[in-house]
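Engineer: One letter stands for each residue in the lines below.
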Amino acid sequence: MRRHLLSIDDLSRDDIERILGRAESFAEVSGREIKKVPTLRGRTVINLFYEASTRTSSSFELAAKRLSADLVSVKSSGSSVDKGESLKDTVQTLSAYDPAAIVIRSPHAGAAALVARWTRASVINAGDGKHEHPTQALLDVYTLARRVGSLAGLRVWIVGDVMHSRVARSGILAFSRMGCEVTVCGPPTLIPRGIESLGCRVRTTLDELPEADVVYALRMQHERMDGSFVPSLREYAAQYQIDGRRLRPNQLLMHPGPVNRGVELAAEVIDSPQALIVEQVESGVVVRMAVLYELLAGHGAPSGVRAQPATEPQPA
Amino acid sequence: MRRHLLSIDDLSRDDIERILGRAESFAEVSGREIKKVPTLRGRTVINLFYEASTRTSSSFELAAKRLSADLVSVKSSGSSVDKGESLKDTVQTLSAYDPAAIVIRSPHAGAAALVARWTRASVINAGDGKHEHPTQALLDVYTLARRVGSLAGLRVWIVGDVMHSRVARSGILAFSRMGCEVTVCGPPTLIPRGIESLGCRVRTTLDELPEADVVYALRMQHERMDGSFVPSLREYAAQYQIDGRRLRPNQLLMHPGPVNRGVELAAEVIDSPQALIVEQVESGVVVRMAVLYELLAGHGAPSGVRAQPATEPQPA
Amino acid sequence: MRRHLLSIDDLSRDDIERILGRAESFAEVSGREIKKVPTLRGRTVINLFYEASTRTSSSFELAAKRLSADLVSVKSSGSSVDKGESLKDTVQTLSAYDPAAIVIRSPHAGAAALVARWTRASVINAGDGKHEHPTQALLDVYTLARRVGSLAGLRVWIVGDVMHSRVARSGILAFSRMGCEVTVCGPPTLIPRGIESLGCRVRTTLDELPEADVVYALRMQHERMDGSFVPSLREYAAQYQIDGRRLRPNQLLMHPGPVNRGVELAAEVIDSPQALIVEQVESGVVVRMAVLYELLAGHGAPSGVRAQPATEPQPA
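Residue numbers (numbering that gives the first Met the number 0), protein chains in the order written: chain S, 0 to 315; chain L, 0 to 315; chain H, 0 to 315.
For reference, chain S alone in the conformation it holds in the complex:
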């Protein structure tokens, strides 16, 4: 495994399975009253968030703390500091503290890869624009595997605004790497051209949805609901909302949260036993603990150091 987690594409199937196994062992820790191990004691993890995020940032924060790391949280509403130049300066400043890891969330695709070029710390992409959100995909795979066992041959439909979704992009890569057959489905205006090259089929109606084993609904972003991409919200829901009529009893339902109730999902399916939505959140902490562990303390870490351009600092 490499030194950073920037994209699901960096991970082999073996890498993913090692992370899942590690997460499983941390799930055992999280079930104890003392949910803490000393693994990263005295090491520093920096949360650098240029977008508001309760879910992902608190999940990484808890993961770091349950590994006994010291966490420093740097948040920005992005007004003045999210430009390339400033990001570099911020990262170089924070790197001077010799952190073990920097967890970066940015509105700009590619930001995490840039950060990785500027620091000796391990960099974890916690979402970079519309590009990727690899820990989300890992926790999705973990959650699903916990429910069904092997993922090989499972048919996964990812439904909604695929165009703007880093969750979709990382999900396609992760599910297909684990042997699933992935289909993306949404209005033609919200399916990016060439998405098939990631290893998925494209559908623009839910007609074939009954074939799916897993329905993964994407969050509709509020700023996309105003008619520039979909004729109307009502129209969108009429054609693509997953409701009790469309979701078959043998299908599982996933969603990255937070859910827009009544938009991409109808209320009746959210709380149904088929929904894995709460389990996905629960998985967040243990999978992020596993990622931190594998990058910072795992056996593969020293030998799997990612090649760096010669002009840049090398890990000690």
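Any given hint could turn out to be false.
[What the hints assert, rightly or not] Just some of the chain H residues that point at chain S, by a computed CB distance under 10 Å:
no.	residue
1	PRO257
2	VAL258
3	ILE276
4	GLN279
These are calculated hints, taken from the structure and not from any lab test. We treat Cβ as the ideally placed atom computed from N, Cα and C, and that holds for glycine.
Chain S is already provided as a structure; the job is to place chains L and H on it using the hints.
Structural biologist: Using the frame of chain S, we list chains L and H on its own:
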């Protein structure tokens, strides 16, 4: 004692006295150089604050840290996330981290009780709209008892904007449960109808104030000072301000802070030896340590579990 | 050494050298995988920041955590709470938690000294308006001493907006106390009258810059770039920017960060081996650990207690 602390009404006099005794033992810890005990090591406490608060949130934060818990702080200015639906989603997300306790501050009366229905964690009401602020009342009782010993028969006057004060509401309940005779006093427009049913007398002038053993002045909220509830601030101060002339030498003075100097209190009484205001703040940390202890680690915790509707999750 | 660190003027050369020695020992700790010592376990450090600051606040946060203190961070954008009266109330509230130290950053000169009058905690000035920023000067001295050994007789030029710079003021004091010959240089409109009394020479052109051993460039504040103090940014850069032509190979370059690339520094000098800018940031954590150590745990702490007016609380 129940699983949550939502209202003083949930507490028997025995419950309150057990909390005070526990706070006393934590006061001994807080006097040490190492102000820390390992009681809640590896357990998670979430501060969920939908209103700005330096005092209460930092007090709970320190209480949790001095019990060695891991604290996660989620703050919101309330613009987008304080609606019922979103609160539920947020609480369900945070609950997936399996926190031992959620401390909730909300501008909406009843918010803490809602949170308690959505989580397996112990919920502590850190102020819900105009409803209650039970840990404030507990620290008030603790502070007073430390100074005078038994509270039985003490005459407590709560003076000011009773209408909008969660502090008044929790205070009336707590002081009367401890055997005090409580009087509320303020302009008729700022006394809610039927307040007597909580177990207090009502006065609209300070004429009988000399009978009080304790004068508890409430903070005048800035947004209420503009004339819709009181004719003018000068007029209010003329009739209800506690100053050196009105406060007798044998009376004690309390205030929840922060004080509006020159409004509800005159400068000369704030720093007098009769004032317990600084002691109230000091008590905040140890009383909140005691509440966390009783809910999460106390002997009464398992047996006193609050009954939950059958459809909701039960504590393990 | 006194109980507070408010100004470099409070420190003797011996004090500074003791801090540098202590920082050196913490640099050894920071080089370990477990970057943590138990020195301040169970003690509380409060970061009270009335100005936005990533660099200084995260540096103090890490310093406190690596000493095992509990850190509470109180931040304010300054809109409502930076007036004298409110600052006093805030400090008295926070002091009730019996913190070992309060680290204060304020836009108002003299704020740290006021805080020191209101609390029994040790107060560390993390920047008060245009007045001082003593930990910056200490880390500058530390960084330079690490590179060159003794500072005696070194010629240090501080270049730029001296008028508005607390870094310049603390730097002049610290470098001259260590035996340097300090020159300040900038446009006449940005040199305060009487600055020589701090122990420096004044120049308004870079003509004699070649004599300098160290060039310390100040950050040009964006709000000063609009023409009220300098005719134009281009004009400023033409006359005062440190670039590859002006910086001689035997000169060292320092800057407090963050750098305005292309304004006070040209890109080619920022990343040159002569620049100590990254080392300055690195030094921040260990020097702040050393300051916390000396004030809170050093042998000199009890005897060197700063005299307080008789009406104010005394340390236990």
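Engineer: The structure should be examined with respect to each hint, and the outcome stated for every one.
Structural biologist: Consistency of the hints with the structure:
Below 10 Å, beta-carbon pairs count as interface contacts, and PRO257 of chain H has one with chain S at about 5 Å; its hint therefore holds. With a cut of 10 Å, the hint placing VAL258 of chain H at the interface with chain S holds, because the nearest CB-to-CB distance is about 7 Å. Proximity of ILE276 of chain H to chain S holds as hinted, the smallest CB-CB distance being about 9 Å (cut-off 10 Å). About 8 Å separates the beta-carbon of GLN279 of chain H from the nearest beta-carbon of chain S, less than 10 Å, and the hint is met.
No hint from the list above goes unmet by this structure.
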